[in-house]
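Peer 1: Letter by letter, the chains look like this.
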Amino acid sequence: MNSVRVWRSAAIRHIRRAVPPLLTAASVLVIWELSVRLLHVREALLPAPTRIAMLFASAEASLIFQHTLPTLWQAVSGFGTAIVLAVLTAGAITYSRVLNEAIYPYLIGLQVVPKMALAPIFVLWLGIGFASRFVFATFVCFFPIVIALTTGLRETRPEAVLLARSVGASRIQILRHIRFPFALPYFFTGTKIAATMSLIGVVIGEFITSDKGLGFLILYAGSHSNTPLMMAAIVVLCLAGLAIYGAVVLAEHLTRSRLS
Amino acid sequence: MIGPGDRPVQHETEPGHPSQIEAIRVKKIYNTGTSQVEALESVTFSVASGDFVAILGPSGCGKSTLLMMVGGLELPTEGEIRIGGSRVTAPRLDTGIMFQDATLLPWKTVLGNVLFPIRMQRRPIAEYRQRALDLLHTVKMADFADKKPAQLSGGMRQRAAICRALIYNPSLLLMDEPFSALDALTRDELNEALLDLWQRYHKTGLFVTHSIREAVFLSDRVLVMAPRPSRIIADVRIPFPRPRDASVQETAEFTGLCAMLRAKIGSHP
Chain A
1 MNSVRVWRSA AIRHIRRAVP PLLTAASVLV IWELSVRLLH VREALLPAPT RIAMLFASAE
61 ASLIFQHTLP TLWQAVSGFG TAIVLAVLTA GAITYSRVLN EAIYPYLIGL QVVPKMALAP
121 IFVLWLGIGF ASRFVFATFV CFFPIVIALT TGLRETRPEA VLLARSVGAS RIQILRHIRF
181 PFALPYFFTG TKIAATMSLI GVVIGEFITS DKGLGFLILY AGSHSNTPLM MAAIVVLCLA
241 GLAIYGAVVL AEHLTRSRLS
Chain B
1001 MIGPGDRPVQ HETEPGHPSQ IEAIRVKKIY NTGTSQVEAL ESVTFSVASG DFVAILGPSG
1061 CGKSTLLMMV GGLELPTEGE IRIGGSRVTA PRLDTGIMFQ DATLLPWKTV LGNVLFPIRM
1121 QRRPIAEYRQ RALDLLHTVK MADFADKKPA QLSGGMRQRA AICRALIYNP SLLLMDEPFS
1181 ALDALTRDEL NEALLDLWQR YHKTGLFVTH SIREAVFLSD RVLVMAPRPS RIIADVRIPF
1241 PRPRDASVQE TAEFTGLCAM LRAKIGSHP
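Residue numbers (the working numbering), protein chains in the order written: chain A, 1 to 260; chain B, 1001 to 1269.
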């Protein structure tokens, strides 16, 4: 009984906290809708929210859906590959002094390179198909994760390692039970940044050259002055970003609850 | 009341080795790259099985280094340390260590932290759960088993750390100024809790501290260390009978012993 009450009061608190931001969104949408209608703004310039919403109920919805899958798939596969590579690299850097000295300065240095500007080079090398956008997404996602994770692995409190050694833990156990959990918050911070960058990377690739994907659809709709379609594609892009980000948040939550 | 591993006092001491810990001309030099720092000049002492011995000295006298070497976390540069007759080269499963900081893992509950050594030693967790809860009960922490360390006070964290050190029933307990970061009242409370556990479970204990009163209150013997060069300058037996309680600190004999130890430390600045 008591736990039900606790749960219910927590739920009420959550709902209460969601009210102000929802009100903000609602007012923005209402003001937008009213301005477009009352000021007779041309649809090609700024379509009303209801017009964009209606598009999802029309035949064009399947068109958007068709173009969402390739973008999402490329972003997720690039993102996933980047996580694996970044974990391996961070582990190697943490455990090998030579590798650390040889590689780490370049990882930091590459942080300042505006990586999005390198997209055309990937297209030049890997062509206009899946490969170039997948590799480019992996490339942009890799850096935030590897740097955050390396920092995290270094942040492990030395006393905790000493404690684990004193009770007979092996090096692998120390990595698994001490260093990794200490690095987790850092890892997820880097991963959340990378999650959003994966979509940006793919869309930029699609902007440069592509015959499908949301990036392509946005450009296509733009060139045909089909602004409602363009806006709808952007809305779906935002939702895709939220979905990837949400998956990371969920993964973080599950990992943390498993640790205790 | 206490779980499976707790048979009558059982030390892994070989016949012919009445001392559980022996340190023989132990020397420790740290290489700091450009120079060498001598952390310990030459230290020889032994601790009898079942004794509680305090190593007392000012900061920087090498007492913590000495304890880490007994725990197998550091190796002596020269000389050797033996436990139960065998040379210490790595951490041993018959040794438990308490650090200055409780060092609880923040993502684990109190119970998870107490069971952490069991998990690392790949022992069956289920068999030790009851023992963990009993230990927490003895230090009045039973109600906090499911709390996270961030929800506890400093004193409570060290109580949990005591339980963690005792969970796998080591015969030797090493303590590196475990209560020095706590306020005076909490510290007295924890010293009494420690003494209580001590009298109940009969371990051998080595306790590093810079508090004279703490050393006298807890120990059977006090080894006094002095810095530069780091060495043991006195070995004082504390005659108070056990079980002891806090009232022993009010006696003239207690005050006298403290004054005597203070004079010894003072004579070697």
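None of these hints come from the bench; they were simulated from the model. The beta-carbon is built from N, C-alpha and C at its ideal position, and this holds for glycine as well. Do not take every clue at face value.
[Claimed, not checked] Pairs of lysine to aspartate or glutamate, DMTMM-like flavour, derived with a Cα cap of 25 angstroms:
(1) 1027/B to 1094/B
(2) 1027/B to 159/A
(3) 1148/B to 211/A
(4) 1108/B to 155/A
[To be verified] If the Cβ cut is set under 7 angstroms, some of the chain B residues that face chain A in the computed set are:
(5) 1045
(6) 1046
(7) 1075
(8) 1117
(9) 1124
(10) 1125
(11) 1182
(12) 1185
Peer 1: Can we keep the residue 1045/B interface hint, with Cβ of chain A closer than 7 angstroms?
Peer 2: 21 angstroms, violated
Peer 1: Given the hinted pair residue 1108/B and residue 155/A, is their Cα-Cα distance within 25 angstroms?
Peer 2: 18 angstroms, holds
Peer 1: Does the closest beta carbon of chain A sit nearer than 7 angstroms to the beta carbon of residue 1185/B?
Peer 2: 25 angstroms, violated
Peer 1: Answer holds if the nearest beta-carbon of chain A is closer than 7 angstroms to that of residue 1182/B; otherwise answer violated.
Peer 2: 16 angstroms, violated
Peer 1: Compare the distance between the alpha carbons of residue 1148/B and residue 211/A with 25 angstroms, and conclude whether the hinted pair is satisfied.
Peer 2: Given pair residue 1148/B, residue 211/A is violated - Cα atoms ~53 angstroms apart, limit 25 angstroms.
Peer 1: Mind checking the CB of residue 1125/B against every CB in chain A and telling me if the closest is under 7 angstroms?
Peer 2: Check failed: Cβ of residue 1125/B comes no nearer than 13 angstroms to chain A, outside 7 angstroms.
Peer 1: Given residue 1075/B was flagged as interface, is its beta-carbon under 7 angstroms from a beta-carbon of chain A?
Peer 2: Violated, about 13 angstroms.
Peer 1: Would the pair residue 1027/B and residue 159/A pass a check requiring their Cα atoms to be no farther apart than 25 angstroms?
Peer 2: Cα-Cα ~23 angstroms, so holds.
Peer 1: Against chain A, run the beta carbon of residue 1117/B and see if the smallest gap drops under 7 angstroms.
Peer 2: 4 angstroms, holds
Peer 1: Between residue 1027/B and residue 1094/B, does the CA-CA distance stay at or below 25 angstroms?
Peer 2: 24 angstroms, holds
Peer 1: When the nearest CB of chain A is found for residue 1124/B, is that gap smaller than 7 angstroms?
Peer 2: It is violated, given that the least Cβ distance between residue 1124/B and chain A is near 16 angstroms, above 7 angstroms.
Peer 1: Measuring from the C-beta of residue 1046/B to each C-beta in chain A, is the shortest one below 7 angstroms?
Peer 2: With Cβ-Cβ at 22 angstroms, over 7 angstroms, it is violated.
Comparing the model with each earlier hint shows violations of hints 3, 5, 6, 7, 9, 10, 11 and 12; every other hint is respected.
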